[in-house]
Structure formats: C-alpha cells, structure tokens
Amino acid sequence: MAKALPLLLPCRCFEIMITPILIVDDEPDMCWVISQIIESQGLNVVTAYSGEDACFKLANGDFSVVFLDAKLPDMDGLEVARRASTMIQNRPRVVLVSGYHYQDDPVVRHAIDDGIICSFLAKPFTNEELLKTLHSLLLTDR
Amino acid sequence: MSDNSLKKNFEVRYDMLLNAIPSSVLMVDRKLQVLSVNDNFLLKSQRSKENTVGRPLAEVFPMVILQSTGIEESIRNVFRSGLAIKGQKMTYRAPGVPLRIYYYSILPIPNDQVMLIMEDVTEQVRLSEEVRRVERHLASVVESASDIVLSTDTEGRILTWNSAAEKLSGLSVQEVHGRFFYDLCDANQKQVVRLIFQRMKTSNEPHTTEFHLLTPSKGGSILISWVFSPMLDDYGKAVGTVVVGRDLAERRKLELQLRQSQKLTALGVMAGGIAHEIRNPLAVCSSSAQFLLENNITVEFHKECARKIQANIQKASAIIENLLRFARSSLDTEMGEVDLVTVLNETIELVANQAKVQKIQIQLTLQRTVILVSGVSGLLQQVFMNIFLNAINAMPNGGVLSITVNMVEDRVIVRILDTGVGIPAGDLDKIFDPFHTSSPVGQGTGLGLSICYSIIRQHLGSIQAESRYGQGATIIVTLPLL
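Which chain is which? The protein sequence lines are A and B, in order.
Under the working numbering, think of the first position of the first sequence as 1, with each following residue one higher.
Under the working numbering, think of the first position of the second sequence as 1, with each following residue one higher.
Same shape as in the complex, but just chain B:
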C-alpha cells in the first residue's frame, strides 16, 4: 500500500474514531484556528464542517461563551505550560437549540495542537438537580411534620432529628446526634426501648407503643405515642430504624373532657334510680324522727325508731359513697394492679338502683373471686358503667342483664348480655364511632362506646358487639391478664 493510501486510510480511521466519541472534540492550533472537528460537535452546534474547519475559534463559538468561559485564554495557557486543563463547566446555546451544559477539558497534543473535549452533561445536571429537589422536598416533609420524626442506626444511635423533635424535647439535633435514643427515655423504659431496637434488626413489622420522652430543658417528660419501623436497604437488610412520635397531651386532654361529659350523662341516668333509693331511707328517718317527738311513747318504741333512723342513714350514705367513688375515679390515671371482680361489683352496685326501678335483674357469673389486670380502675369502671347503662336503656320493660367473666389463656373475657331491643344490623359496625347514638336528641352524647373503645385500647384489650335486632345484644370486652 502506498504512503498516500496509508495516510488516507489513517485519516479515515482517525475520523471514524473521533466521530464515534459521544463528546464534541475540536483540534485547535496555536493561532486558535480549528484544525478538525468531529460530527458530535457539528450536530450540537448546528454548524457545517466547511464553515468550522480552518476558522478561528472566535467564529465558531458565540462571543458570549468565549467571554464568559475565557476559553481562548485557557487554550493559550495550555500551549504555554503544556499542562492539561480538566473539567471546566460551560453552558452553550446554539441558535435554535435549548441550552446545553458541558464539561470541557483542554489537552495538549504533540504537533502544536490542543484538543478541546466538550462533554454534554445537561441530562446529568438535570437529574442531579431533580435529585436535589426531591431530597429538599423530602427533607421539608420531615421538617414540616408536627410529629417527631427521627432515624437511628441499627443500634439505636440517633442519626436525624426533625424540628418537631427539637421543639417538643427542647434538645437540638447537635445535642442528640450519635446518642442512643433510649438514653432520652424514662429510666424504667430504657430496657424496653433497647429491646425494640434489637427486634427492629430482624423484624419487618412496625412496633407501636407509648412512653415518656425526657425533656431535660423543660424539666420533665412528655407522653408520646411511638411507631418504630425498620428501615431496609435494597436487599431487605435492616440498616436502621425510623421512629415517629406523636404528642399525646392534647389527645389525652380531649379524651378527658369527653370522659367527663360522658360521666355527666351517666350521672343523669343514675339520678332517677338514686333518687328513689335515697328518698326511701329519708322518708323512714323523717317519720321515725317525728314519732320520737311524740309524748308518751314506750322505751321500746323509742329504741326501734332510733334503730330505723340509724340503719336508713347508713343506707343513704352507702349510695352517696358509691356516687362519690364514680365521680372522683378519673383523678387516678396511673396504670396499676386492678381486681376486675371488684370493679364489676362496684359498677353493678352503682347501676343497681336504676336496674331495680326498671325491673331488670342483674346476674354476675364468675370463674374466680379475684381477677387481676393491669389498668386504671376508675377508667375500667367507666367502661362497664357505660355498657351497663346502654344495656339497661335497651330494656325499658325490664329484662335480664347477665355478665359472665371467663379466663381463656392469658386473657379475661367479659360478656355483657342484655335481653333488650338489640342493635340493628346496619348500626352494629358503627356503635364504636364517636357521636353515633340511638338515643333521642338530647339524651345521649353518642360518645359512650367510642370512649369505652379508646379506654379498652389503652388497656391493650379489645371490645366487640354482637346483636340480632329485637333479640338483645352482647358486648364482649377482652383484657390481658396480669
């Protein structure tokens, strides 16, 4: 093959090579004239080979770009120093084409040339901006949340801590970063929380719980409802834990208000029965006292009157004591050991008067005389009071209210069955909804069973209803045994 054809062959390969590069490549000489150019450049700059090759750089690139990037000076520097310039950014807009973003490098080539390589990074830049935008959005979601949102490593060391967490705890992100989350919990909760983090390493299930978060700067703690969720990587391996917490103070306050209003309703219903039951002993006392005022009564009759007065005052006093217990029971909200049998007996005593007035027979069937659960006795009493009063109201013409208590494994099941009007099928799944009521306007708040539901949930139990319209209803309360 002749030298000429070799050279020709080489040039063809050289052009093929250059054109195959997905970047724009220009060869420039010392006089800043374009010696050769690849197809990619011609395509991107919308120029022809004829009006590019042999032309000065100043003609090939728009003046604005040359001035803003100082590319001509950079090329001269490369000629002078012989050192490459790598990775400079430039934006380029050829006429009639959208703005493109390039990274360019200027490389010295033997034979007194430099190679200008321009790599189009418009798409990468757009993607990274998109990523940053999504990241900013996610961060603002977490930051704007009024719930505590934090993340930890698998051992429970805090990695992120949002604004709500800072606000509620009074601890800044700098103060908590890298600390174990359970160090911010109440002393007697630490071990439990540590175990939750252990469980998160192998579990796919979120864990819901309630405990206090210490607020050192505010000198106390706040009750929070927490959800722990394992954070998994692409291979399903646990890499940390996401913890979301909601301040329960407001909710507790609202629930307390609802319970109070419900209690007033219950008191109203009880008033009728109580009145009957207190006026009887009062009438006996009153008449007996009048007998005592008479002259010439026998010593024996005098004593009998005094005994009647004494006994009937005791009777009235016992009814009032029951009322007071009911009215004050909400003051105690600390969970403790509670005997469910005592709670049931006390509550039955409270509604007994009303039941008697309505000719309702109350039957209590127990398996054991003492049944211990963990809870607040006042709250549990309120739950049963509500259910009993509902049952009594459902039996306007009398009937039987039977309460059976059974133990099944680690749970106690209390079934409260009435022989009343029953619950229409359509209402059965609504009865635990707030404000659902079957009572006439002004006679029921419709909050009773929704509060019962919330209290029983707080005791880690469940509450269900079964009924056939016209054939009575059964409410089933299940609680974990202590």
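Isolated chain A, as found in the complex:
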C-alpha cells in the first residue's frame, strides 16, 4: 500500500463524515490507479466495471463522489449519471473521466450545464488534478 500522497487540504475533516467513493471503469488498471490515489487519502473506494454494475451499486449504497468512465461496454457513462440523478435521492457528485472526450467538448459542457455531472477529468490526468477535483467536491455543500 502506498504512503499517503501530500494533501492540499488537511484530510482529517473528511475521515469521519465521508461515505465511500465509487470508481467506475471497465479497465481494471484504471480502477487500480484511481483507487491508489484516493485510498492514499485514507478514503474508502468501491469499484464497478460496467454500467449495470455501477447502477446497482449506486442504488444500494451511499456514495459521496463517483469517478465515472465515459465509455463503458454496456452503456455510456453519461447514461449512468442520468439514471443516478433521477433514481437516487441523495445524489452523489459525479466526475466524468474520459479519454474519448476533451475539456471543452460540447457533450461535456451540456452535461455540466444540465447538472448531470459536476466535473470532468480528461485522461491522462495528473494525480494532483484528480485530488484537486476530489477535494473541491468534498468541500462543496450538497
């Protein structure tokens, strides 16, 4: 297990109040990388490798943040986010992580404008970028 990465903000405040973070990606290595970064902050993660799997876990668990791949073998990441926004009362913040889209991609812009997702992260990202995104979401009120 890696040693905790330097934090931009003190993490103590998250430890008690934060529910697990869901990582959705069909590539096991991608899930491994994101898990490593988040777990280094002392946070818990749950992984899902398909859209169906993600929807099931979202419906049956309580997640604060979701890192969601845009292209999944069975459905689009955005479709998962859309379902999450309609079916779950306590909506998690969704970060779309994609190698298929780019930062100012109209699809991404619309999804943010519509409130389907909160943030977008382009692959490949730096570990720091991912942490910054995570921290900014955890610090924002629901």
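Please note: incorrect hints may appear among the correct ones.
To be verified - Taking lysine-lysine pairs in the BS3-like style, the calculated list, with each CA pair at most 27 Å apart, reads:
#, chain 1, residue 1, chain 2, residue 2
1, B, LYS356, A, LYS57
2, B, LYS49, B, LYS89
3, B, LYS359, B, LYS315
4, B, LYS201, B, LYS218
5, B, LYS201, B, LYS237
6, B, LYS359, A, LYS57
Just so you know, these hints were derived from the structure itself, not from any lab.
For this one, chain A is given, so just place chain B on it according to the hints.
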C-alpha cells in the same frame, strides 16, 4: 424467202440484238461517221436516231469529251493497227442529265468499221467510292481510338496494329506485323495468352483479362486491360481475333487516390475509438509514474507500478502498430497468397475500439482457421474495413456485427451482417455507385463501397448487399479460393 426479205429480217434481228445490249453501241466508219447506233446510246445521250446516224462523231459527241478522251484519234489507231482498245474511262454529260461515267472499248469490225461500246459504270464507281469512304471511315475510327486495337489471324499473328498501339508500345506496325502477339507479352503470361487465342478459334464469347504488354523501346511494360473477341466470317467460322486494350496506368492512379482519400475517412472514424483506447493506458502509465516519484513507497508497490507501466505501454503500442499496418498496407499491390482469416482478424482488431465505444459486439464464425485466396492483403483489409465501418455507423445505439465465412465449392463467401438501421430499398442498388452516400454532408465521401466493388472485381470476386430498411443489412463478399 427473197434475198431482200432475208436482209430485212437480218437487219431487224441485228437491231433487236443491239438494242438488247445494256451498253451504248455505235458503229463508226473510217471517216468517223456514225453508221448505226443502239437505243441505249440514244437514251443516254438524249438524241434522236435521225440526227445521229450518218453524222460525224464530232457532231454526236460534245467537243469537250472528244478533246479530253482523244476518242477520234483512238478510232483512227484501231483502223490503222486493226487492234482493239479496251477499257478506257470517260465521263459524259448529255445536256440536262447528270454526269455519267463510262468505260469504252473500240473494237475493229470487218467491212471497214469499228464498234464503240460504252458501258455505264456510274453506279459501280459510286459504290466503290462509297466502299472506299466507309473503309476510310472505319480505318480512321480504329486509328483515332486511344485504346489499342489490333487484329490477328487465328494463330495470333498480328495483322493490324493501330496508332494507339504504336504509341503505347513504342513498336511500329512494320515491327510487329506477322509476329505472334504473345511474343509481346510478359514471359510468364505467354502461355496464358496463347491459350486465349486457341480458345478464340472455337468460342463465340469475348475474353476479358489484364496483363502487361512489353514496351522494349521504353524499357519496361505497361499494365493493360484486354478484351479478346473472335472475328467470324459470314458462315460463323473464326478467321481471326480482334484485341482491344486499355492502358490502366491512369485508372490505377485515380483508384489509388480514391483509396487514399477513403483511408483518411476510415482513419477519422477510427480516431475516436483509438483515442479512448490509447488514453487509458497513458493515464495508467502517467499515474503510476507519479506514484514512483513519491518517497517512502514499498518495494512491492514500486514493482507493481513498473509492471503496470510496462503492460500499458505494450497495450498502447499494439494499437499504434495496427494503425501503421493499415496506413502502409496500400504500398503492396502485388497479388499473392493471402490468408483471409488473418485479414479478417487484423481488420476486426482495427475497428474493435470503435465497436467497443459504440457498444457493438463483433462475432466471427469460421469453418476453417486458414483460408487461402489470391490477392493483395492490404486491399482486402481496406474492403472489410469499409464494410465494417459502414456497419458500425449503421448501429449508433449498439448492436451485433456478425461475420460468417463459408466455403462453397471453389469459392469463399464472407457474410457481414449488422443489426443496424438497414438500407432503404431504393438505395440498395445504388450503394456501389461512386459518390453515393447516406452519411451527412462532410462525413462520408460515398466512395467506400464503390472502391470495395472495384477491389473485389480486381480479385475476380463479387460483392452484393441485402437489406430490409430498419432491420439491418448484409454485405456478401465472394472470392475465388486459391
């Protein structure tokens, strides 16, 4: 019967005989006076018997004709020598009648007379001129053609060789006349061409083929598309062969350009899938490298990061290798032994990323693990790439792309079936036309399937489409087995 009546009878018969001759006949004496004349002459010259018989030749014929033909002098010569003059040509125009052309003969007759026989050949002359005109026209058609047009005897010896043939081969008609046509072909083609000529002797069917024509003066050869047609006489018997050849250099150049542009379109479509598929391993490598930069990581974690980096670089590299294979495949255009299964697998790998992104499942069903055909693997890959991409584009909401390969006798049949939007009935017979496209403006060149058609034809195969609108489409590619 009295002498008088005998003579009368004879004269009547004599006149009847002369008048029955379809030529003009005049009897002339030494003083060049007309002694008698037949009806044919009177009719043609529009004269009466009264103002012709007993008159000098100079009065009967227009002065112009007498001068131009020298007919009076010729008659005197016949009187002097006693030898006939045969087959002289003269043109004659009686007042108010169109120009006529005659062949005349002057024959010595006992009793100090000569017979002038004038045969009207106007119609024959007109016909032969017409024949010459038609011949000249046909010759100029053959000579003006930019295709090679040549004719041979039944054994394949060259008889005619047009200007285009001279220009393209650099060989003059004198150089090739009487030579066997197959001597001008590439060494390994001679036997095949010889067999075509053998077949022409008994066949009524034309034979189409492609092979190189040697161009000795230009130090090489040119690829020509040939059509051999048997030349038959009036009884349907083969008397030779007509061979027409078209230089393929220009067409090949154009096709190559079209293929290149089509390839760029295919690359564009693949880019989306490839980007997704390359950025994943890049992201894993990037994050892992950043972990390695951290202090105080365990040896085990260090190794794990290095392994992830190694494995993901391999993944990205494999995708790029596939792309390179696709981009460079057109350099090889020599026909050779090709394994169709390899071609299909490599092509499926190229579109797999895009299919995954669009949630399309690809199924390949094979009867055998190796299927050999004669062809160019790069070109065949392009054909299947085009068909697969069309199928993928037809399934925007996902679906199944199934590819089944079956062998039937000496042919292999590849059926590519999608569960997409299908092809409207009206478009089905147009999809192989150049520039026909169902893609929005700027997204498809509409050349894909027309190029596929041309490539498959080049491989002596066929390509068909079946579809019901809204229920997917099937493209069927048939190729001869090696």
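For each hint, the structure was consulted:
no. : hint                  : verdict
1   : LYS356/B <-> LYS57/A  : holds (23 Å)
2   : LYS49/B <-> LYS89/B   : holds (25 Å)
3   : LYS359/B <-> LYS315/B : holds (20 Å)
4   : LYS201/B <-> LYS218/B : violated (33 Å)
5   : LYS201/B <-> LYS237/B : holds (8 Å)
6   : LYS359/B <-> LYS57/A  : holds (21 Å)
Violated hint for the displayed structure: number 4, the only one.
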